[in-house]
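> If you want the building blocks of each chain, they are given just below.
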Amino acid sequence: MTVLAIKDLSVAFHTESGRLEALKQVSFSVAANRSVGVVGESGCGKSTLINAILGLLADNGEILSGEIIFEGDKDLARLDPTAMRGLRGQRIATVFQDPMGALNPVLSVGRQMRDIQYRSGLSKRDKDARSVAMLRKVRIPDPESRLTQFPHEFSGGMKQRIAIAMALMMEPALLIADEPTTALDATLEVATIELLKDLQRDIGCSVLFISHHLGVIAELCDEMIVMYAGEVVESGTTREIFHDARHPYTQKLLACDPARLSQRVPRLPTIAGTLPDLRRRPSGCVFQPRCDRADAQCLTTPPSAPVGGSHIAHCWHSDVPLGAMSA
Amino acid sequence: MNEDLLRVSDLRVSFRVGGLSARLAGRATEIEAVSGVSFTLQRGSTFALVGESGSGKTTLARTLNGLQPVKAGTIVFEGQELQGLSNAAMKPVRRRMPMMFQDPVGSLSPRLSVRSLLSEPFVIHGLSDRDLNAEVTRLLALVGLPRDFADRYPHQLSGGQARRVGVARAIALDPVLVVADEPTAGLDVSVQGEVLNLLNDLRDRMGLSMLIITHNLHVVRQIADRMAVMYLGRFVEQGETEAIFRAPHHPYTAALLSANPEPDPDRVHQRITLPADVPSLLARPSGCEFHTRCPQAEGRCALDVPVPASVGDSRLTCHFPLNT
Ligand SMILES: Nc1ncnc2c1ncn2[C@@H]1O[C@H](COP(=O)(O)OP(=O)(O)OP(=O)(O)O)[C@@H](O)[C@H]1O
Ligand SMILES: Nc1ncnc2c1ncn2[C@@H]1O[C@H](COP(=O)(O)OP(=O)(O)O)[C@@H](O)[C@H]1O
Ligand code: SF4
Ligand code: SF4
Ligand SMILES: [Mg+2]
Ligand SMILES: [Mg+2]
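Chains as they are written, first to last, in this note's numbering: chain A, 916 to 1242; chain B, 243 to 566.
Heads up, some of the hints might be wrong.
As the list claims (entries may be wrong) - Covered stretches of chain B, going by a simulated chain A footprint (3 or more residues, C-beta under 8 angstroms): (1) 285 to 298; (2) 430 to 443; (3) 458 to 468; (4) 502 to 515.
To be verified - On the chain A side, residues computed to face chain B include the following (Cβ under 8 angstroms): (5) Ala1098; (6) Leu1099; (7) Thr1102; (8) Glu1104; (9) Ala1106; (10) Glu1134; (11) Leu1168; (12) Pro1184.
What the hints assert, rightly or not - Computed list of chain A residues with no C-beta within reach of chain B, every gap over 12 angstroms: (13) Asn1019; (14) Leu1022; (15) Asp1117.
If you are wondering where the hints come from, they were derived from the structure by calculation, not from laboratory data.
In this text the structure is predicted, and so the values were computed from the model without any measurement.
In this text, a Cβ means the ideal position worked out from N, Cα and C, and glycines have one as well.
Work out the full structure, taking the sequences as your base and the hints as a guide.
Okay, here's the thing in structure tokens:
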């Protein structure tokens, strides 16, 4: 079963200096019980993608075309705001970098967890029992007595686990996480990833996970998509991408990860050039101005080239494997 | 140039928490977010501070900048004692010790254009007679942003773009020491590399020193000469970065280094896993404050407070240091 299927989604922001195409013909899907990671340069459209799914695009944003099919029958690109509000927090849950975005500082944790269950029809006692069970699942010790406490009485890592508990309270079909471990130290980051894996298995939800920490994606996700300038340039299983990336952008991105360096280097690897101005997309391949494999063919739109299995690279020259890349 | 640019001795910073009710109930009403921190930073060098959220890193940085009062201890910057200075007296200091705040978008006023944001340091410090447009263009070029970004507003920037504006603001007025709170959190690895290369370049070109707060150990290794690991407001280990990466002495440092996720889905990790419950500053554990999570803890750890000791070039607080 496919929980989320995005087809040819294009989104634009209208700015004083013209129309900026932040997403262009994005297509991918998230199957039931799978986690899909999204990586890409800052500004490549990851948050825009999430906001489009959640119906939370800024006022100057517009879905130009495409569909966002959720649970097979609802097109989120066209859903009315009331129906969308009904899905958010219930069928589609979110976790962000700052857990305080999800927590109200002046209400006890128990009260907030009860409030999320307003649609459940359960009694107050049963709601609290579910809250306690959920807090136990995210490994908050002594959860009964913790219900009366306020967010500031928990450490940063615990607050994030409470935010996760609240997100998963209603057993959503899809959890969207935008850099949820960025504020945690390495020990808590790893603990949070393990926790998310366990909960996902338990609850049976799908996860769409955004992170710049490639190691975290490698550990958590089954599949991943790589975005560049608002387009999906490569997609496949996490293993396929980390071991056999074929799109020149992905190859360069992986090469930039300081985790690959076992000692200090005088200059960190970077990708020369900058993202193109999204108001004036280059014709042909969007990565062409920065690509050292570009040739005349690249001035026309590249194909989605199958690499094998589910692995696809949108490139004219996707036959050059990682190791063969020039430095 | 090996003189101490910054010398911090036994620094303590506290916050009042809870209200009258907590006081009446006899509960603790004060937390010491920075609890006896000492270190020195040499001119031209980079010092990294790691530790989990809530361990006091931001509070320490804000205190150096005079944004949080010092409860006890001293801060000596370029030979001048900073503790207790008035806001007015801190102003020229801030020009030499600019701070890049955590949360790149949130720390930029939403109603100001990038042009105004980059002009602001000059205006604040009474330098508006300079050619501000030229300064803005110069700063944008320095941090690798197109010149037409001057007319954008913060909500129109991606996280990475906002960070570059933050760097540009920090280096606007020829700084000596840049204090950067999570300067690369939320950046992709390529832009992160650019920001770090930029900071490294500025260090080399302008003889800048840096105090960098980060969770990312790969970043620490790439940029910092020395590092400190913070836990519950104290430095549990500090020393030369390479030496610490090669052989951490404190069990918490060892756990942090072993946890670092690697970009390989098939990697089998040999991790030191810690219980996730970080104690509260309101109820500090007895003895060694790490004993509730420490895999090496023994009986005396819950009773005796370890005193700071030197192992090689490192300073640490642990009864049973590793790799000695
Ligand atoms: N409201 C808006 N008006 C105009 N442009 C916008 C708006 N919101 C985002 N953009 C632009 O859209 C592009 C995509 O931004 P988005 O925030 O989705 O990037 P991102 O991939 O989430 O980046 P990061 O990794 O830095 O969070 C960027 O060029 C950004 O400047
Ligand atoms: N203004 C404040 N009032 C009360 N407590 C605070 C305040 N600012 C920070 N704290 C507390 O001080 C401790 C250290 O916080 P902080 O310096 O922000 O940590 P870090 O930057 O390492 O995440 C935390 O327990 C935090 O909740
Ligand atoms: S299509 Fe051409 S320009 Fe684009 S990524 Fe592939 S080789 Fe590079
Ligand atoms: S003193 Fe004991 S509890 Fe503390 S870090 Fe050392 S071994 Fe662990
Ligand atoms: Mg984003
Ligand atoms: Mg902080």
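> Please go over all the hints and tell whether each is borne out by the structure.
Status of each hint after checking the structure:
Check on the segment 285 to 298 of chain B: 6 of its residues sit with their Cβ under 8 angstroms from a Cβ of chain A, so the three-residue criterion for coverage holds. Evaluation of the coverage hint for the segment 430 to 443 of chain B: fulfilled, as 10 residues show C-beta separations to chain A shorter than 8 angstroms, against a requirement of three. Under the rule that three or more residues need a Cβ within less than 8 angstroms of chain A, the assignment of the segment 458 to 468 of chain B holds, with 6 such residues. Here the segment 502 to 515 of chain B counts 10 residues with a CB under 8 angstroms from a CB of chain A, which clears the bar of 3, and the coverage holds.
Taking 8 angstroms as the C-beta contact cut-off toward chain B, the hint placing Ala1098(A) at the interface holds, the least distance being around 5 angstroms. Hint on Leu1099(A) holds. Least Cβ distance to chain B is approximately 6 angstroms, under the 8 angstroms limit. Contact between Thr1102(A) and chain B, as hinted, is supported at the beta carbon level, the nearest pair being about 5 angstroms apart and thus within 8 angstroms. Nearest Cβ of chain B to the Cβ of Glu1104(A): about 7 angstroms, under the 8 angstroms cut. The hint holds.
Interface hint at Ala1106(A): satisfied, since its Cβ lies 5 angstroms from the closest Cβ of chain B, which is below the 8 angstroms cut-off. The restraint placing Glu1134(A) at the interface with chain B holds, with a minimum CB-CB distance near 5 angstroms, inside the 8 angstroms limit. Checking Leu1168(A) against chain B: minimum C-beta separation of about 6 angstroms stays under 8 angstroms; hint holds. At about 6 angstroms, the closest approach between the beta carbon of Pro1184(A) and any beta carbon in chain B falls short of 8 angstroms, and the interface hint on this residue holds.
The non-interface label for Asn1019(A) is consistent with chain B: the shortest C-beta to C-beta separation is roughly 18 angstroms, beyond 12 angstroms. The Cβ of Leu1022(A) sits about 17 angstroms from the closest Cβ of chain B, beyond the 12 angstroms cut-off, so the non-interface label holds. Under the 12 angstroms C-beta cut-off, the non-interface status given to Asp1117(A) relative to chain B holds; the minimum distance is some 17 angstroms.
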